[in-house]
Structures are given as C-alpha cells and as structure tokens.
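Colleague: When you get a sec, could you build the whole thing from the sequences and use the hints?
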Amino acid sequence: MELFTDQAGDEGLPGRERCLAMISVMIATAMAVFDGSIVNIALPPIAQTLNVSTGEAVWVANGYLLSVAVTLAAFSALARRTGFRAQFTVGIAVFTLASLGCALSTSLPWLIAMRVLQGIGGAATLSIAPAIHRSIFPTRLLGRILGLNALLVATSSAVAPLLGGTLLAALSWQWLFAINVPLGIAGTMLARRAIPKARVRGLPFDAAGALLSAAAMAALIMAADSCAQLGSGGQAYVPLIYAAVAVAAGMAFVRRQRRAPEPLLPLDIFASTRFSMAALTSMASFVGQGIAFISLPILLESAYGYSPFASALLFTPWPVAIVFVAPYAGRLADRHKPATLATAGLIVFAAGLALLALLPYNAPIWDIAWRELVCGAGFGFFQSPNNREMLANVSRERSSNASGVLAIARTFGQCLGTALVGVILSAYAAHIAAGGGKLEGLALAHAIEWTLWLAMAATVAALIISSRRLGVRPAAAGQQPS
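So for the sequence shown, our numbering puts the first residue at 142; every next one is plus one.
Bear in mind the hints are in silico, worked out from the structure with no lab data behind them.
Incorrect hints may have been included.
[Said to hold, decoys possible] Here are the simulated distance ranges between beta carbons:
{"#": "1", "residue 1": "598", "residue 2": "231", "range": "31 to 37 Å"}
{"#": "2", "residue 1": "582", "residue 2": "280", "range": "49 to 55 Å"}
{"#": "3", "residue 1": "222", "residue 2": "330", "range": "23 to 29 Å"}
{"#": "4", "residue 1": "251", "residue 2": "587", "range": "40 to 46 Å"}
{"#": "5", "residue 1": "399", "residue 2": "245", "range": "44 to 50 Å"}
{"#": "6", "residue 1": "245", "residue 2": "478", "range": "33 to 39 Å"}
{"#": "7", "residue 1": "303", "residue 2": "348", "range": "39 to 45 Å"}
{"#": "8", "residue 1": "245", "residue 2": "575", "range": "45 to 51 Å"}
{"#": "9", "residue 1": "506", "residue 2": "587", "range": "17 to 23 Å"}
[Claimed, not checked] With a straight-line Cα cutoff of 20 Å, these simulated EDC-like cross-link-like pairs (lysine to aspartate or glutamate) come out:
{"#": "10", "residue 1": "338", "residue 2": "590"}
{"#": "11", "residue 1": "579", "residue 2": "590"}
{"#": "12", "residue 1": "579", "residue 2": "442"}
Positions of the beta carbon are idealized from the N, C-alpha and C atoms, including for glycine.
Modeller: See below:
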C-alpha cells in the first residue's frame, strides 16, 4: 500500500512503524466516533433501566460532549509539553477504563460521571490525532491519510446506529460501552509501541488560558442545549445568559493568549491567511452539516413517522458517499491545490442541502436517499483537502495546536448548528400554537425545510470564504506560512 512505502527524503516514520501507529490512532478515533453516535439511540432504555426521565438521561450524551469541548484546547497545548505518545496512550487508557465504568453503572450520576471521564479521554486523543498523522507521515502522503481518516469517521458514523440497534435488540445498553474495552486495550498497547516518543521541553502550562477556554466552550454548549429546549418550556433568557458568558470568556481568552509567555493557543498560527481561511471554512461547513444532522432525524421520525432504526438506515447514504469520495479527494489533494478541491466540494454540498430543502412531503425512500448521497459526496470531497490545507500551512512544531483548532472548529460549528435548529423550531412552534395548531406532520416538515435552507446558507458562507483563498499563495518550503 502506498501509504507505507518509503522514499528518499521522507519525513516521519518508516513504512512498517507508520502502519502500526496509524492503526492505534484509528482505533481511538473509531471508539470516540462510535460513542458520540451510538449512545443517543440508547437513551430511552437507559432511562427505563435506571428509573429516570428521558430528559435526565440526555445528560448521558451532554456530559460527554461537554467534557470533550471544554478540554480540547488544553490537550492540544499539553501535547507539546508531554509528547504525543504519552498523552495519546493515557487518553486511550482513560477512555477504556471509563467505558468499563459505564458498562458497570447502576445509577445515573455514576453513568454521567463515567461519560464525563470518557469525554476527557476522548479529547486527549481527538485533539492530537491529525497532528500525529502529520508527524508520522511524510507531507507527500498527508492528503491520503486524512482522506482515509475521513473514511473511517464516516464508516463509524454509518455503522454506529445499526450496530447500536442490533446490540440493544439482542443484549442490553451496557454492551454499547463494553465493546470499547478490548479495542481500547489493543489501541493502548499499539500506541505505546508505535507512536514515537518525542523530546519534550519543560514549558509552563497556561492554566488561566485553559480555564477561560473551558468556560467559553462550556457556556457555548449550554447555550446550544438551552436553545434546543426552548420549545419544551425553556426560558428565553437562559441561552442569552450562556451566550454572554461564552462571549466574555472568549474575549478574555484571546486577551490572555496575546499576553501569556507560553500561550495555550499561540495566535501566530493565524498569521497564515490560508490556515485561518481553512479554519473559518471548516467551522461554517460544520454549522451546515450540524443543522442537517439534527434536522433530518427529526424530519424522518417525527414528520414522516419512520422508526429510529429505519431513520438510521435512511440516513446511511450520506456517510456512505463520504466513504467512497473522501479517500479519492485525499489522494487528489496530494497532487492538486487542496483549496480548489475543497471549494468544489462545497459547491456540491450546498447543492445537496438545497435539494433536501426542496424535498416533497412524505417523499419516497429513493428520493430522500439520492439527495443525501449528493450531500455526502460534496462534504467528503471538501473535508479531506480542507484538513490537509490547515495542517500543511503551519509548521510541524505547531501541528498539535492546528489539530486542536480543527477539533474546536468542528465542535463550535456543530454546537451553533444545534442552537440554530432549536431557535427555528421553537419560533415555528410558537407561531403554530398561536393559531391553535401543533408542530407535527406537514407543519413540522415546513419548519425543517427552513432549517435546511439555513444549513445551505451556512455552506454558501463557507464557499465564499473558501473561494477567497484561491488567490492566496501557500508558504514557500521551509518558511513560516503566511
């Protein structure tokens, strides 16, 4: 396989060692993606088993998301001080032990605590996974490995609901967490053996910056969650308070990074115009995808009447298209301009979202599937080249920071997308209720249509940002990107 061939002048690891390190990173990535996708369908049986309400059980999912979000920036900076191998190995081990704790949980507080611990372990690995790929693979293969990583994420996303439904039907929800244990043990052993031990420097850690970034991301997640609850009795001022806290903490974080001697997130990486535009493009595109990922299950289950399992099956064309397209896009990005490829992918993605917004009420299965296929193909063609653009336009020493920015852009975009769906559905529900109706059936389908148009608008914004970088020159070899 070309990924493991050696050529004169290659950076990173030799081919065989490269393969083992890649497997350990992919095991950790697959576990984190599975846990992010598979738990949502298990919330009703978890609530029933633990004798709590479904609303309380939602914190099994929210606790994981919160802990990942608030620790991403800290872990991306910590890796420069501990080394990739130490942080990654500990991260997988913590995630694995927390998974065992989740499987053995007999109460909701204990389960939520284990999910928070899982999120911390997941953040330790996810925050530096792209940076590890950058460090072990030569630049000539960077697009290919990022494309393969996108394929893994898409495959895991597609399989997770189906595997989760099967396990829930045959066994119990505890097995959704127990399956991580053997995988985690294998990933930990491989990481200890294959990921190179870096020479680390005794740099001071920016604790104040870490606390401010955690506060900003936590407030952002809570604002999104509060917006999603507006239609079910939530107070309108609550998300505004959280949003204000997020803005204040974010501004204080930026001010701290400008003054700190060893900042948590060195702002000089944004001196690269191409890196900054790629990060903004990524965030805007994930707003669009986040809106669609929240809206489509609501449309299929609550408006069209499909079961959760049937809805999961109907959603598979999107990740399946990414599986086929992302590796090809990654290979192309190693030979052609990544920004041009990413922009072309966004055009297709925006067109697919417009097609979904124009979906007729109670459309047949084939009509839903081909529109999702267009979206997946467009996003798959965009993601690998754009990620390559981000990582290739910072120095290798800054790769962990760039990897953290990539993860934060994804998380921020998805959270903002969730919040926007909550706002639109709440506003539409209030409008329907004023006329004595309920937000269901055709009315709900119309509301979802508006959210999908908003997703297309966010993608068009990403497209505009992406097209602006086409005339910006990449940095010359050996120079700081600019």
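Colleague: Run every hint past the structure and note whether it holds.
Modeller: A quick look at each hint next to the structure:
The beta-carbon spacing between residue 598 and residue 231, approximately 41 Å, falls outside the hinted interval of 31 to 37 Å. Range check, residue 582 to residue 280: about 53 Å between beta-carbon atoms, so the 49 to 55 Å window is met. Roughly 24 Å separates the CB atoms of residue 222 and residue 330, a value that falls within the hinted 23 to 29 Å. Remark: the range hint 40 to 46 Å for residue 251 to residue 587 is upheld by a beta-carbon distance near 42 Å.
A hinted range of 44 to 50 Å for the beta carbons of residue 399 and residue 245 is consistent with their spacing of about 46 Å. Checked against the hint of 33 to 39 Å, the pair residue 245 and residue 478 fails, with Cβ atoms roughly 51 Å apart. At about 43 Å, the CB distance of residue 303 to residue 348 agrees with the hint of 39 to 45 Å. Separation of residue 245 from residue 575 is about 49 Å and conforms to the stated range, judged on CB atoms against 45 to 51 Å.
Between residue 506 and residue 587, the C-beta spacing of about 21 Å keeps the proposed range 17 to 23 Å intact. Taking the CA atoms of residue 338 and residue 590, the gap is about 51 Å. The hint is violated against a cut of 20 Å. For the proposed pair residue 579 and residue 590, the alpha carbon gap of about 17 Å is at most 20 Å, so the pair holds. Between residue 579 and residue 442 the alpha-carbon distance is near 16 Å, which keeps this suggested pair within the 20 Å criterion.
Hints 1, 6, 10 from the earlier list are contradicted by this structure; the remaining hints agree with it.
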